[in-house]
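Going line by line, the protein sequences match chains E and L.
First residue of the first sequence: 1, per this note's numbering; consecutive thereafter.
First residue of the second sequence: 1, per this note's numbering; consecutive thereafter.
Be careful, since some hints might not be right.
Unchecked claim - Lysine-lysine pairs mimicking DSSO-like chemistry, simulated, CA-CA at most 30 Å apart: (1) L:K117 with E:K9; (2) L:K12 with L:K219; (3) L:K439 with E:K116; (4) E:K4 with L:K117.
As the list claims (entries may be wrong) - Stretch by stretch, here's where chain E covers chain L in the computed footprint (C-beta under 8 Å, at least three residues): (5) 102-109; (6) 112-124; (7) 259-273; (8) 290-303; (9) 470-481.
What the hints assert, rightly or not - Residues on chain L that point at chain E, a partial pick, calculated with CB under 10 Å: (10) S2; (11) V91; (12) E99.
Derived by calculation from the structure, the hints in this document are not laboratory data.
Just so you know, even glycine gets a beta-carbon here, dropped at the ideal spot from N, CA and C.
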Amino acid sequence: MNFKRLTKKTEFYIAVIILAFCLLVQVRSGQFFTGNNIVDLLRSMTIPMMFCVGEMMVLISGGVDCSFPAIASLSMYFVCTKMDGMFDNPLPYFLVAMLLGLCMGAVNGFIVAKFKFPAMIVTLGTSSLFLGIMQGILGSSEYPLTSGLYSLGSTKLLTAVNAKSGLTSDLPVHFAFMIILVILAWLLMNKTMLGRAIYAVGGDEVAAARAGFHVFGTRMFIFCLSGALAGFIGVCRSSMLLTVSPNNMIGMEMDVIAACVLGGVSLIGGRGGIVGAVLGTALMTIVSNSLILLGVSTQWSRVFTGLIIIVGTAVSAIQEQQRKKKLFVTISDKAEVKG
Amino acid sequence: MSENIIKITGVKKYFGGVKALDGVDLVIKKGEVHCLAGENGCGKSTIINVISGFYTPDAGTIEIDGKEYSKLTTQMAIDAGVQVIYQDLSVFPNLTVRENLALNMEVASGKKFVSKKRFQEIALEAISKINFKADLDEMVENLTVADKQLIAISRALLNNAKLIIMDEPTTAITQKEVKNLFRVIRDLQKQGIAILFVSHKLDEVFEIAEHFTIFRSGKNVFSGRTEELDEQKFTYYMTGREIQEEAFRYEKRPDAKTVLEVRDLSLANGFADCSFSLKEGEILGITGLLGSGRTELAETIFGYHKADSGEILIHGKKVEIGSVKDGIANGIGYVPPERNVQGLFMEQSIADNISITRWKDHADRLGFVNEKSIEDSVAHWVKELSIKINDPQDNMKTLSGGNAQKCVLAKWLSLDLKVLILNGPTVGVDIGAKYDIYKLTKKLAENGLAVIIISDDIREVLSNCNRVLVMRQGRLAEERMTSELDEASLSALSVE
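Can you make the complete structure from the sequences, with help from the hints?
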């Protein structure tokens, strides 16, 4: 019974596809299951995975946040340039960036929760606004990374060496941050009443209000959390790259939303979970990074991620449609005589 | 301690200039099944919201269990034992049965963390109160409406309910499920719980309720015991007009042609070997329990599903119906049971909804839509079907159930139909509008249209159809003339 239920889940299919794809690459190139390739993959998924965690929670609450790359960029750029050299410890940079992100997220949350405007339009608007502040008022351009963050960025968890080619790959400390974040998000979504409130609000707002959940508060919380996370991730990104590159994260929102949807997180809210979001991001990263091992030029990587998004989301959409159109009449065997 | 669980005296509630409640009284005794009836807009929902503490009345007093409340809040109402089961049931489709049962309690007790053990205990306690067997791990979206309702009821009972208000509890469930619901209600009554049953399904309220209160336009028009009422009086109190229901008298004409013939039609998991024919001017009823295949059969004739085998003939000619487009092209119209979802675009204008099936006829050669032509056609149908609207450009969702249903009919009638299939045509429709729809259907049949009514409302089938097919487990089990049947015999046929 439990296994049957498992096979009905999107997460299950994504996991199977990931496994099949990894094996395919391994068979074709013999290079997939090597230490440096795995470490490379884990490193490339670190930032998208963290973004995905935030986006997943917003999506489940019935909203969507398109402004997180802008929030991440602006808070990161602000702390890295205005607080350059002020601290040797990286912690204050993270804290200030998270605070800035939280404020920007609160703007999103307030407009969405108070006036009930569509979250997508609101966050596209604020996204423009935040980027405008960074590019116009702060006059953003490439900038050297402050020393406190530089040392953090150079901290490695481990280094993998490919025995054949001699190539090495480092796993940055940010990977550990990502793992902690995923665990915390899992605990929040599954083990706290706040997590249940997020699911309840995303499932049926009116029912949630009648059940005594604080709908406005839950929405505010979600957007503030997403903003604060974005600030944190922005600083992670610059310290991983060892430079302040303000335009580097712009445009990530669509891939992140797509990865969530791919992993079974519903755009209308209430459905999905952390496991799906993680698997969705993993699949997208693995495909776009492994094409080269299959002998496909990296210029094609966008085409393939595009195809994955379309096919992957279409499969779950079709499943849903079929589920709705499915008939359940039990037909009796005997042909009865009419009265 | 008082013998009344609730006593409402002279309650008034205004919204702007509209008097939603204009000094109403309502008294419910402990352990009583009380029916509140009235047409849409009579103030039923408003009084529910007053009792649940959601609205503060502008005048009047509320007494719960002998205690007078000057300012009743929702929490006070819950603490006093008032529970409302809303029409939409307020369940979470995306969560499991267990979570749905336990969440409200856990929120109320201010818990911060989820404990599966506690959830399990609460859920088991809840379902044990009404002996409801449910798979606690199932997602609620996969359940039938009747099961969702039982979840809402068992959840309400957790809060030591003394009065349960059920808003239109029988609109979306089948007769068999209604019987089960009534069993549950009688059980609750034995435990001393009072039920306020809000409905306008005649046969049901007469069966279950001991006491009636009827509202019209925000005022009391009747309050008394069930024995003091009969159907005639009830309809009069509800609508304020005398309505004489006339049974459909089908005049068999020797020259009437067979319009639709279905031969050995089968669809996997839908129905098997269905054969019947339909002459012009006939109204054919198809009845059976939910899950008997009646809806699937209708949807297949319309082209929503494609039959696996068998033939459909229109005017004696075999036709291929593999899609809705084919169905419409062959002159078949279908009014679905969930009109809000399947039959109408609720967010669009009334005019667009009525003209949607005929866009092409309203467009000029370049494909631009001619607004004047739409206006004319909408004006025609609004008059023809006496649809009550303010402005054709208003949103569809501003209309009541009866008027919305008339719009669905208008949409189809503006096409040149040969067969009209009505599936549950008066579900959620006021009595007044219901008779309008019946009258209209009969008129259409008299003008030569072949009509199929699919319904589990026995009374509706008997008074509107000349012939009835009964479906059981995906097969046509009986074919009878309605003149040989009465309510009891037809009811027995469908559950046999």
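Verification of the supplied hints:
1. L:K117 with E:K9: holds (24 Å)
2. L:K12 with L:K219: holds (9 Å)
3. L:K439 with E:K116: Violated. L:K439 to E:K116 sits at ~43 Å, over the 30 Å cutoff.
4. E:K4 with L:K117: With a Cα-Cα distance of about 24 Å, the restraint between E:K4 and L:K117 holds, given a limit of 30 Å.
5. 102-109: Held - the stretch 102-109 of chain L has 5 residues with a Cβ nearer than 8 Å to chain E, which meets the minimum of three.
6. 112-124: holds (count 3)
7. 259-273: It holds: at least three residues are needed, and the stretch 259-273 of chain L offers 7 whose Cβ sits within less than 8 Å of chain E.
8. 290-303: holds (count 4)
9. 470-481: Since 9 is at least three, the answer is holds.
10. S2: violated (28 Å)
11. V91: holds (6 Å)
12. E99: holds (7 Å)
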